[in-house]
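Residue numbers (the working numbering), protein chains in the order written: chain S, 1 to 260; chain R, 1 to 254.
One or more hints might be untrue.
[Stated by the list, open to error] Label pairs and their in silico Cβ distance ranges:
(1) A59(R) / V109(S): 42 to 50 Å
(2) L85(R) / V80(S): 28 to 36 Å
(3) S229(R) / A13(S): 55 to 63 Å
(4) L105(R) / V80(S): 29 to 37 Å
(5) L168(S) / M70(R): 32 to 40 Å
[Claimed, not checked] Some chain R residues close to chain S (C-beta under 10 Å, calculated; not the full set):
(6) G86
(7) F100
(8) G101
[As the list claims (entries may be wrong)] Simulated coverage check for chain S against chain R, where a stretch passes if three residues somewhere in it have a Cβ under 8 Å from a Cβ of chain R:
(9) 148–162
(10) 170–182
Just so you know, these hints were derived from the structure itself, not from any lab.
Positions of the beta carbon are idealized from the N, C-alpha and C atoms, including for glycine.
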Amino acid sequence: MNGHDWLGPVRRATFWAPLGVVGALVGLWWLAVAATGSLIVPTPGQVLLGIGELARQGLLLRHVTSSLWRVGVGFGLAVVLAVPLGVCMGWFHGVFVAVNPVIQLLRPVSPIAWIPLAILWFGVGDLSPVFLIFLSSFFPLVVNTTTGVHTIERQYVRAARNFGVGGLRLLRLVILPAALPHILVGMRVSLGVAWLVVVAAEMIALDSGLGFLIMDSRNAGNRYDLVVAGMVLIGVFGLSLDSVMRRLETFRAIRWRDGG
Amino acid sequence: MADRIRIKDVAKTFLTRGRPLLVVEGIDLAVAETEFVALVGPSGCGKTTLLNIIAGFEAPDRGEVSVDGMPVTGPSRTGIVISQLGSVFPWLTVAGNLTFGLGDLPRAERARVARHYLAVVGLQGFEHAFPSELSGGMLKRVEVARALAVRPEILYMDEPFAALDALTRLRLRLELRRILAEEPRTCVLVTHDVEEAIHLADRIVVLSARPGRIQDVVDIPFPHPRRLSSLEVVALKDRILRELGVEALTSGAD
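Kindly produce the complete structure, drawing on both the sequences and the hints.
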């Protein structure tokens with residue numbers, strides 16, 4: 001009997017079991033709406049129709065892409081700044097001692113608390129949510145990168161020095177690959193938080209994005225089918241972003257820590 | 001035979017909880033070009049510190065170390081350390097590890113050298129394997145091959161096989177002797193395993209308890225391959241163990 005046959009039932013179960021739970025919840029939702037005769041809370045069918053309506057009007061693509069774009073820019077900016085800072089903090093004790101208290105002080109401040117200042121500094125436009133996403137992504141990334149570099153086992157650095165590898169080559173050949181598992185965890189956490197924050201940030205202002213869709217649908221005519229449609233889309237795209245990051249982590253050279 | 005390593009009056013003090021602790025003192029030793037010297041001593045006697053000083057990872061407080069007449073100022077590819085911890089990079093394939101120290105060679109030459117030394121340690125065909133797929137003994141072979149690949153003059157070994165099971169340890173010792181017969185190198189081995197030292201070394205330097213000083217230097221005259229069960233070997237082992245303060249083993253009067 002080969003491994004695939006043996007795993008077959010397990011694979012089928014991991015596919016069908018969660019689908020069954022989702023199906024059951026959707027069914028309950030539908031029944032509850034039907035039973036209470038609610039005129040406000042939409043049925044799953046109405047939500048699907050709502051998504052279809054958004055797609056036909058081209059709004060689906062517009063809201064999704066502008067949310068994704070903001071997350072991309074803010075998150076990208078955070079990666080570009082937080083990873084080098086984290087590497088410096090992990091490698092140079094002096095930098096860690098000097099910078100870490102500030103990081104720890106700012107880290108627990110919710111990005112949502114920055115919204116008034118963001119509006120003050122960047123106005124009501126694309127820049128404010130990008131700034132908030134940058135902030136929310138920055139701290140988990142710095143912390144995880146620092147930990148990753150801190151915990152590099154000394155014998156690897158010693159061996160590299162023994163082979164005459166130092167400076168930037170040490171960074172590229174040893175420090176970054178050794179810290180990469182931690183950096184990727186930081187990126188996954190950051191991206192998750194960024195997705196939470198973009199939706200919240202878009203609720204305040206602007207004219208596009210999934211957060212805007214939700215608030216606008218409620219304000220302009222109590223379209224609760226579109227409100228829930230927005231929520232469903234947020235969930236689906238959040239899950240997709242996370243699975244992209246998970247996929248990244250499964251590459252052999254990256255996943256070395258879990259043993260291949 | 002010329003001296004490869006010269007150690008003159010080396011001493012090292014560490015600060016532990018603010019108090020100075022003399023670790024090694026008055027070490028004078030010369031190691032010849034193709035000689036295999038083992039440093040044995042009780043734990044905490046500073047043998048690893050001494051090895052780190054010779055290999056350039058730590059500076060002595062007094063005295064000096066020179067390799068081929070040049071003072072040692074830091075680690076270099078002249079002498080590669082193989083330690084108990086193991087330092088095969090887990091994010092690189094076996095081939096990637098072997099070519100790690102060969103950055104200055106053309107790509108084709110790097111691959112050729114890697115293949116050669118992989119064959120030397122009996123791991124041909126494992127080029128593309130990741131370290132997590134290998135056993136402890138295989139990882140140690142990769143580490144030895146990676147060290148040999150940069151053609152070092154010296155191999156520094158700090159309890160290199162201590163983390164392995166007894167059978168693998170014995171097998172790797174035999175292989176190390178075979179490799180050294182094919183490609184002679186200067187070797188300095190730190191170990192607390194007297195039998196391992198007798199099995200491998202030409203000369204055993206017995207260090208005293210801290211602060212480590214050279215207590216005795218024992219030549220091992222037996223030709224390779226050595227039979228560990230021979231009477232002379234057993235007698236020598238008992239003698240060295242007695243010097244290390246382990247008495248009861250030979251008397252049997254317990």
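**Item:** Coverage of the region 170–182 of chain S by chain R (three or more Cβ within 8 Å)
**Value:** holds (count 5)
**Asked** When you take the CB atoms of L168(S) and M70(R), is the distance between them in 32 to 40 Å?
**Response** Distance hint for L168(S), M70(R) is violated at roughly 27 Å.
**Asked** For the region 148–162 of chain S, do three or more residues have a beta carbon lying closer than 8 Å to a beta carbon of chain R?
**Response** holds (count 8)
**Asked** Regarding L85(R) and V80(S), is the given constraint of 28 to 36 Å on their beta-carbon distance met?
**Response** holds, 34 Å
**Message:** The hint says 29 to 37 Å between L105(R) and V80(S); measuring C-beta to C-beta, is that right?
**Reply:** holds, 34 Å
**Distance restraint hint 42 to 50 Å, applied to the beta-carbon atoms of A59(R) and V109(S)** = The hinted range 42 to 50 Å holds for A59(R) and V109(S), with Cβ atoms some 46 Å apart.
**Asked** Does F100(R) meet its interface restraint, that is, does its C-beta lie within less than 10 Å of any C-beta in chain S?
**Response** For F100(R), the interface hint holds, since the closest Cβ of chain S sits about 6 Å away, which is under 10 Å.
**Message:** The hint names G86(R) as touching chain S; please verify it with the least Cβ-Cβ distance against 10 Å.
**Reply:** Interface hint status for G86(R): holds (7 Å vs cutoff 10 Å).
**Message:** Tell me if the beta carbons of S229(R) and A13(S) are separated by a distance inside 55 to 63 Å.
**Reply:** holds, 58 Å
**Item:** When the least beta-carbon distance from G101(R) to chain S is tested against 10 Å, hint result
**Value:** holds, 3 Å
In terms of the numbered hints stated before, the structure departs from hint 5 and from no other.
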